[in-house]
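Engineer: Single-letter residue listing:
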Amino acid sequence: MQNSSEPKKYKNSFLNWIEYRLPIVSYIEKEYGDYPMPKNCNYFWSFGALASIILVILIVSGIFLAMNYTPHTDMAFNSVERIMRDVSYGWLLRYLHSNGAAFFFIVVYIHMLRSMYYGSYKYPRELNWILGVFIFLLMMATSFLGYVLPWGQMSYWGATVITNLFSAIPLIGEGLKTWILGDYTVGNATLNRFFALHYVLPFVILGVVGLHVAAVHVHGSNNPAGIDIKSKDDTVKFFPYMLVKDTFMVCVFGVVISAIIFFGPNLMAEVDNYIPADPLVTPSHIVANWYLAPFYAILRAIPDKLGGVILMFGAIAILFILPWLDSSKTRSCNYRPIYKWFMMLFFVNFFVLGYVGMMPAEGIYLLIARIGLVYYFAFFLIITPLIGKYEKPGHLPASIRDVYIDGKNY
Amino acid sequence: MTISYFILFLSVIGIFLFCYFIATRVWIKVDEEKKDSNNQPKNRRDFLYISSMSIGGLGVASFMWPFVKSMSPAEDTLALGSTEVDLSEIGIGQSITVKWRGKPVFIKRRTEEEIFAAQNVDLSSLRDPISDEDRVQNPEWLVLEGVCTHLGCVPLGQKMSDTKGEFEGWFCPCHGSHYDTSGRIRKGPAPENLAVPPYRFLSDTIIKIG
Ligand code: HEM
Ligand code: FES
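Chains as they are written, first to last, in my numbering: chain A, 1 to 410; chain B, 411 to 620.
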């Protein structure tokens, strides 16, 4: 079948045939076989691969859930209960999906904090970081939409609260909200469109993830030392070294998520969501999903409706310009003696915000939320630009190879 | 049912192993060829690669099982698997159609002539030979799944005005299958007799199908 004039790159003629028509063999070989990874990369570099696997698991389990789910206000709750009780392994699908979504956020947060600590967002990887923030936004939207589907009390009131955020926008707010809901309150029209969007957004995420990964591969991965690859001695091949490492990570993850699914599947769920939605009674304490809680804390810390909404979206939007806020040329915090500690404090602060975001918005919690909010924005707008100017960075190794010769491997 | 799932399961595993095997072979080949051209020693880890990939493939394949299984009828659907029918209103020569597992079931109270016709047939002349006695529990009552064994249409013959075919039983309008007064295939493309569903007389006038 092969024309004699076609190039013979591989011994196998089938591969050559494909390769000549669609150079996918050499693409895979280049990007996932020979792709040079800095050899000092630690396990934090496995979280991207892990996140991709989880995305696939979510999509597959979601498709199978959708085969039994009914997006109608009268039937949604019961259809989910039917999945739990009657559909073979339905409980497994659902727990896999809901806990998978929670772990998706854990993994992606670790992935993001890794990028911040080791300065991966800096030149030349800014676009990569921006695509990542887009993925994060899409994830938040998808999980919000998904949380509405079981049509329990938390679903209903969560949807009510979040969609009311839009009504804070002056002039067009009310109209915009009604347009989003397709009704005056959260109703059947809302549930239907939320299901349609919840089905399609993960595939959009998948596409953006593709771009994100392609973008990393252009300039190669960053590493704990934050210095560029200078020679072949600095790297190892993706196959088999990184593949084995990533696979090990996936196995560990499998053990952890199995432990949750089989022994505590509702640890991360809200009991109130097992009560069918009731538009006439609000649960006494509406909690955000824990993985969105830091932003929810920021929303509630501001006594003004519009102000809270602006700051909450601002807290995410500010991530987009982080590469330009940081004035330091040194990437890794391992070589930034002062900034390192502010970075650590930022992580702690993020957790604290998450914690108070799940507590009632009053008294001490409100105070903590406000302090946390100030630090969150000060970190980005004041600390990051200023420290980069005045801090004296540590002595960078000449090459990645030298990291090991120094005897200190970061 | 269980057997078919088992076979499905095995074939899924088979497909996975096959893919993994091929993929690793191809990959190792590509790798080796490159090494050859660089005059580097040959890769001797083939066995390790293939065995670990196979175990991985097996893991993924068994992970697929709950997904495949979730698509089969759920417990509540299975629970709807039986229907009780009251026969007291049915006169001699009349028949009714009830729904069982989503399909029509014909219940016919046969006349003397019909029973006689059904019982006195030369079995060797039948395409799917079985005597009428083996198809009924009480000769007066004939219970059949009203699904043509050719391609699944519902045969005519339930209503008085319907054409009943050359053998006075049922006639399938789709491709012209004729069934007799015992629901046996006599003429036309259908390969088998109309199926008899599992049923039981709970009393003289009530039967439970399924
Ligand atoms: C980025 C990927 C995804 C995320 C983060 C996500 C998140 C969520 C969350 C948080 C829930 C609520 C779980 C609960 O409380 O029970 C949910 C439910 C649901 N999701 Fe997804 N999901 C994703 C992908 C998908 C996909 C691809 C589909 C279908 C094609 C899907 C279909 C469903 C269905 C049918 C439900 C409702 C059933 C239930 O409540 O268990 N999801 N999703
Ligand atoms: S379906 Fe009845 S004859 Fe073809």
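Since the hints were made in silico from the structure, they are not lab data. Hints may contain errors.
Once the Cα atoms are required to be at most 25 angstroms apart in a straight line, the calculated SDA-like pairs of lysine to any residue come out as [to be verified]:
1. Lys479(B) - His97(A)
2. Lys479(B) - Val161(A)
3. Lys439(B) - Met67(A)
4. Lys11(A) - Glu31(A)
5. Lys177(A) - Thr73(A)
6. Lys30(A) - Ile460(B)
7. Lys574(B) - Ser613(B)
8. Lys245(A) - Val531(B)
9. Lys509(B) - Ser26(A)
10. Lys232(A) - Phe426(B)
11. Lys479(B) - Asn68(A)
12. Lys245(A) - Ile438(B)
13. Lys479(B) - Glu31(A)
14. Lys479(B) - Lys30(A)
15. Lys230(A) - Lys9(A)
16. Lys237(A) - Glu550(B)
17. Lys30(A) - Gln529(B)
18. Lys237(A) - Lys509(B)
19. Lys9(A) - Lys439(B)
20. Lys439(B) - Met344(A)
21. Lys439(B) - Ser399(A)
22. Lys245(A) - Gly467(B)
23. Lys177(A) - Ser231(A)
24. Lys11(A) - Lys479(B)
25. Lys245(A) - Met268(A)
26. Lys479(B) - Phe195(A)
27. Lys479(B) - Met84(A)
28. Lys8(A) - Leu458(B)
29. Lys8(A) - Lys509(B)
30. Lys340(A) - Met359(A)
Computed Cβ-Cβ distance ranges for the label pairs, DEER-style [said to hold, decoys possible]:
31. Met75(A) - Ile506(B): 25 to 33 angstroms
32. Pro583(B) - Tyr32(A): 56 to 64 angstroms
33. Lys513(B) - Tyr32(A): 47 to 55 angstroms
34. Lys513(B) - Lys9(A): 20 to 28 angstroms
35. Val200(A) - Leu490(B): 27 to 35 angstroms
36. Val218(A) - Gly469(B): 53 to 61 angstroms
37. Leu420(B) - Asn266(A): 56 to 64 angstroms
38. Ile310(A) - Phe416(B): 57 to 65 angstroms
39. Gly469(B) - Ile169(A): 28 to 36 angstroms
40. Phe416(B) - Asp86(A): 17 to 25 angstroms
By construction, the Cβ of each residue, glycine as well, lies at the ideal position given by its N, Cα and C atoms.
Engineer: Hint by hint, say whether it matches the structure.
Structural biologist: Quick rundown of the hints versus the structure:
no.: 1; hint: Lys479(B) - His97(A); result: holds, 17 angstroms
no.: 2; hint: Lys479(B) - Val161(A); result: violated, 38 angstroms
no.: 3; hint: Lys439(B) - Met67(A); result: violated, 41 angstroms
no.: 4; hint: Lys11(A) - Glu31(A); result: holds, 21 angstroms
no.: 5; hint: Lys177(A) - Thr73(A); result: holds, 19 angstroms
no.: 6; hint: Lys30(A) - Ile460(B); result: holds, 21 angstroms
no.: 7; hint: Lys574(B) - Ser613(B); result: violated, 30 angstroms
no.: 8; hint: Lys245(A) - Val531(B); result: violated, 75 angstroms
no.: 9; hint: Lys509(B) - Ser26(A); result: violated, 59 angstroms
no.: 10; hint: Lys232(A) - Phe426(B); result: violated, 36 angstroms
no.: 11; hint: Lys479(B) - Asn68(A); result: holds, 13 angstroms
no.: 12; hint: Lys245(A) - Ile438(B); result: holds, 19 angstroms
no.: 13; hint: Lys479(B) - Glu31(A); result: violated, 36 angstroms
no.: 14; hint: Lys479(B) - Lys30(A); result: violated, 38 angstroms
no.: 15; hint: Lys230(A) - Lys9(A); result: violated, 28 angstroms
no.: 16; hint: Lys237(A) - Glu550(B); result: violated, 80 angstroms
no.: 17; hint: Lys30(A) - Gln529(B); result: violated, 77 angstroms
no.: 18; hint: Lys237(A) - Lys509(B); result: violated, 64 angstroms
no.: 19; hint: Lys9(A) - Lys439(B); result: holds, 12 angstroms
no.: 20; hint: Lys439(B) - Met344(A); result: violated, 47 angstroms
no.: 21; hint: Lys439(B) - Ser399(A); result: violated, 33 angstroms
no.: 22; hint: Lys245(A) - Gly467(B); result: holds, 18 angstroms
no.: 23; hint: Lys177(A) - Ser231(A); result: violated, 56 angstroms
no.: 24; hint: Lys11(A) - Lys479(B); result: violated, 42 angstroms
no.: 25; hint: Lys245(A) - Met268(A); result: violated, 28 angstroms
no.: 26; hint: Lys479(B) - Phe195(A); result: holds, 24 angstroms
no.: 27; hint: Lys479(B) - Met84(A); result: holds, 14 angstroms
no.: 28; hint: Lys8(A) - Leu458(B); result: violated, 29 angstroms
no.: 29; hint: Lys8(A) - Lys509(B); result: violated, 64 angstroms
no.: 30; hint: Lys340(A) - Met359(A); result: violated, 29 angstroms
no.: 31; hint: Met75(A) - Ile506(B): 25 to 33 angstroms; result: holds, 32 angstroms
no.: 32; hint: Pro583(B) - Tyr32(A): 56 to 64 angstroms; result: holds, 59 angstroms
no.: 33; hint: Lys513(B) - Tyr32(A): 47 to 55 angstroms; result: holds, 51 angstroms
no.: 34; hint: Lys513(B) - Lys9(A): 20 to 28 angstroms; result: violated, 58 angstroms
no.: 35; hint: Val200(A) - Leu490(B): 27 to 35 angstroms; result: holds, 33 angstroms
no.: 36; hint: Val218(A) - Gly469(B): 53 to 61 angstroms; result: violated, 33 angstroms
no.: 37; hint: Leu420(B) - Asn266(A): 56 to 64 angstroms; result: violated, 35 angstroms
no.: 38; hint: Ile310(A) - Phe416(B): 57 to 65 angstroms; result: holds, 59 angstroms
no.: 39; hint: Gly469(B) - Ile169(A): 28 to 36 angstroms; result: violated, 50 angstroms
no.: 40; hint: Phe416(B) - Asp86(A): 17 to 25 angstroms; result: holds, 22 angstroms
The structure fails to meet hints 2, 3, 7, 8, 9, 10, 13, 14, 15, 16, 17, 18, 20, 21, 23, 24, 25, 28, 29, 30, 34, 36, 37, 39 from the earlier list, while all remaining hints are met.
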